[in-house]
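These protein sequence lines are chains Z and W, in that order.
Per this note's numbering, the first sequence starts with residue 509, numbered consecutively.
Per this note's numbering, the second sequence starts with residue 509, numbered consecutively.
Treat the hints with care, as some may be off.
Unchecked claim - Going by beta-carbon spacing under 8 Å, a handful of chain Z positions derived as facing chain W:
1) D539
2) A796
3) W813
4) N825
5) E838
6) P841
7) A887
8) Q895
9) I902
10) E904
If you're looking for bench data, these hints aren't it; they were derived computationally from the structure.
Source: prediction; values computed, not measured.
For each residue, glycine too, the CB sits at the ideal point set by N, CA and C.
Number of protein chains: 2
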Amino acid sequence: MKACGIIVEYNPFHNGHSYHLQQSKKQTQSDCIIAVMSGNFLQRGEPAIISKWERAKTALMGGADLIIELPYLFAVSPAPVFAKAGVRLLQALRAEALCFGSESGNIDLFYHTISQLEKQKVLYDEAFQSYSKQGYSFPKASSLAAGSLSWESEALDLSLPNNILGMEYVRAMADSHAPMEAHTIKRIGASFHEERIDAHQIASATSIRKTLNSSRKPSVSSIEGAVPSYTSEALSHYMEENGQFTTWDSLFPLLRYKLLATPAVELRKLYEVEEGLEYRLKETIRHADSFHTFMTALKTKRYTWTRLQRMCLHILNHISRPDAEAALKEGPPYVRILGMSDVGQRYLNTVKKQADLPVLTTLSRLQNPLIELEQRVSAVYFGGYPQEIITKKIKEEYSTPPLRFQRSKGQFI
Amino acid sequence: MKACGIIVEYNPFHNGHSYHLQQSKKQTQSDCIIAVMSGNFLQRGEPAIISKWERAKTALMGGADLIIELPYLFAVSPAPVFAKAGVRLLQALRAEALCFGSESGNIDLFYHTISQLEKQKVLYDEAFQSYSKQGYSFPKASSLAAGSLSWESEALDLSLPNNILGMEYVRAMADSHAPMEAHTIKRIGASFHEERIDAHQIASATSIRKTLNSSRKPSVSSIEGAVPSYTSEALSHYMEENGQFTTWDSLFPLLRYKLLATPAVELRKLYEVEEGLEYRLKETIRHADSFHTFMTALKTKRYTWTRLQRMCLHILNHISRPDAEAALKEGPPYVRILGMSDVGQRYLNTVKKQADLPVLTTLSRLQNPLIELEQRVSAVYFGGYPQEIITKKIKEEYSTPPLRFQRSKGQFI
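My request is simple: use the sequences and hints to build the entire structure.
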């Protein structure tokens with residue numbers, strides 16, 4: 509059996525994701541799709557609007573066969589770390605291909621761009637340092653530095669988010685000497701940052717979330733054209749149970765309490781709280797009535813919104829700097845299965861013995877500091893739920909076995 | 509001018525407190541009553557149902573002339589620490605008397621009991637150790653040890669809470685060699701723990717709170733017979749602004765988040781989290797749907813409910829053990845005025861120069877680690893308020909000058 513890996517967030521699963529899944533399978537001629545998916549917190553430093561279980565469900569129905577959780581520290585990280593950990597998990601499960609969506613859609617351009625950047629590394633690094641010293645944020649300094657190089661021929665447009673992420677996948681695969689082919693599929697429909705849904709059958713997840721949350725009472729019907737019916741159902745089910753989609757607004761009371769109650773010297777020990785940001789955080793939170801006003805007041809040229817959002821999540825989840833650095837250095841220590849189809853289960857049976865990381869079906873199966881961290885992080889996510897269902901949700905998180913989906917019948921077992 | 513000190517919580521101010529104030533002034537023939545009052549968190553490890561500002565207001569209207577805040581660490585402490593700090597603040601302001609309510613009402617009995625306990629100290633200590641080792645809580649072991657001694661004549665009933673507290677006041681005055689006379693007034697009306705209000709004109713604060721919170725929508729009219737009209741008004745005003753009285757229920761979502769999000773090794777560094785309680789806390793909170801179910805599951809013979817409630821407050825307020833121990837050893841480092849009448853202000857002018865602690869009218873006037881702590885603690889209390897008024901409340905706490913009351917006109921200035 510041949511497996512193709514994809515690395516995803518599905519916040520929420522939409523028609524573009526469905527297209528990516530089908531094309532990945534077709535283009536790589538694979539029998540099984542392994543989706544490495546962020547858990548309850550996402551790369552740009554936000555909570556997922558619905559939980560990982562709901563999202564894993566839609567992924568299985570959409571055609572993925574194995575859903576693997578990308579652990580929190582790797583999921584809530586800059587592109588290179590995110591990409592490297594995703595590739596590592598796919599490698600552990602012996603995926604033979606990785607297929608990602610990109611604005612470019614031309615895999616040769618990725619190889620070409622990486623090699624050009626390698627060749628001009630000294631120039632690039634100097635330019636990057638100089639832009640960085642001028643106070644530009646990491647991504648801005650990176651893209652300015654790339655722009656200052658001379659390019660032999662057409663290069664990737666590195667201002668586009670999925671090109672950047674794709675380049676990191678290709679780089680991570682090369683660095684890890686994983687025997688995996690890289691494939692890319694051109695993203696169709698709306699661009700990543702487009703915020704309107706019209707007659708598009710394919711809209712970005714950003715625009716779907718915007719539309720969902722644009723009215724006081726989020727309405728699933730407003731985005732039905734852009735998502736499969738099972739996503740609508742998952743969203744409706746979540747709304748029914750939770751009364752709201754989970755956003756930074758749901759978690760803001762807890763973040764505010766954390767920042768107000770914690771002494772500055774303790775905040776400073778948390779991951780990404782650097783360069784005296786602890787004082788700025790404590791002063792800013794006193795005047796902030798919402799997450800948005802807080803972030804707007806906190807933002808400077810030096811830090812991107814995303815970098816600050818990730819820091820806020822690490823504060824909320826009480827991630828200590830040494831713990832984070834040790835775990836990130838080590839890489840993901842296990843493969844956690846959130847769900848599988850019958851195809852995925854068959855594939856898993858064939859590769860389980862070759863996997864070079866322990867494969868877990870529940871968190872209780874392994875003693876590891878990262879598992880204690882994952883459990884804390886899950887519980888924090890549920891802090892945004894109605895008070896009366898939090899204990900139920902925490903219990904489920906510890907005890908839920910992977911979702912099992914029978915593809916031929918289109919049913920969960 | 510002669511000042512008499514009293515040490516109070518006023519949660520809320522009721523007819524018994526009014527009687528205590530009048531009798532204290534009369535019995536000690538004082539011109540000025542100095543009330544040392546707990547801030548937003550109280551001796552038994554609970555938030556006050558209304559804020560210190562509302563309570564200070566009722567105290568001024570009830571006849572107190574200077575309202576001094578007992579800082580958090582001393583207020584949320586066992587009786588000996590609470591009493592010692594209260595006496596220290598009164599001493600700093602040159603009070604010549606201290607008058608407390610007690611079940612006994614006989615000041616000689618306090619002196620007699622203390623001297624008997626001193627004489628039999630070795631026996632007492634042995635008995636205490638032995639009961640303690642059997643797993644009895646501190647107050648239970650104390651009272652059993654006292655019961656095992658032989659008493660020359662009638663002794664104080666040390667099972668009664670105001671007798672115990674009174675003994676600690678008398679002891680603290682003796683230990684500090686404060687030139688202050690001790691007076692006591694027999695508590696009249698309902699006993700401390702009585703929980704019903706009937707036709708009593710004097711009911712305990714405990715029964716008043718129970719009655720207030722007995723219906724889903726707290727009703728101030730139900731307790732009007734037991735409190736002065738200005739207390740009813742303060743309670744109604746608070747309800748109107750806050751939508752609820754502040755209780756552990758208001759703060760439980762924050763405590764739950766704190767316990768779930770904080771690693772056990774970090775909880776262990778907090779004050780009063782001892783003997784492996786961090787693991788018990790983390791396990792118990794996973795199943796708790798309310799503060800009451802949490803506490804009931806946490807409680808063992810070894811720890812009193814009060815001891816555990818105080819620990820929960822220290823966790824909620826992130827009080828580190830070394831910080832707490834250093835501050836408690838040092839004693840209160842300043843005298844913070846929450847409110848004063850014209851009489852109080854005149855008195856303050858006459859003693860200000862003799863005061864051996866800095867006298868503060870706002871928190872911003874002094875650099876001290878305890879002030880940083882007080883500010884954090886205040887902000888945590890406001891975490892129980894509706895989200896939209898928290899920033900306003902935090903701002904007020906930093907900038908509000910002391911309340912000023914003109915006694916002759918019965919008006920605030």
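So, going through the hints one by one against the coordinates:
no.	hint	verdict
1	D539	violated (40 Å)
2	A796	holds (7 Å)
3	W813	violated (22 Å)
4	N825	holds (6 Å)
5	E838	violated (18 Å)
6	P841	violated (17 Å)
7	A887	holds (4 Å)
8	Q895	holds (6 Å)
9	I902	holds (5 Å)
10	E904	violated (12 Å)
Checked against the numbered hints above, the structure breaks hints 1, 3, 5, 6 and 10 and satisfies the rest.
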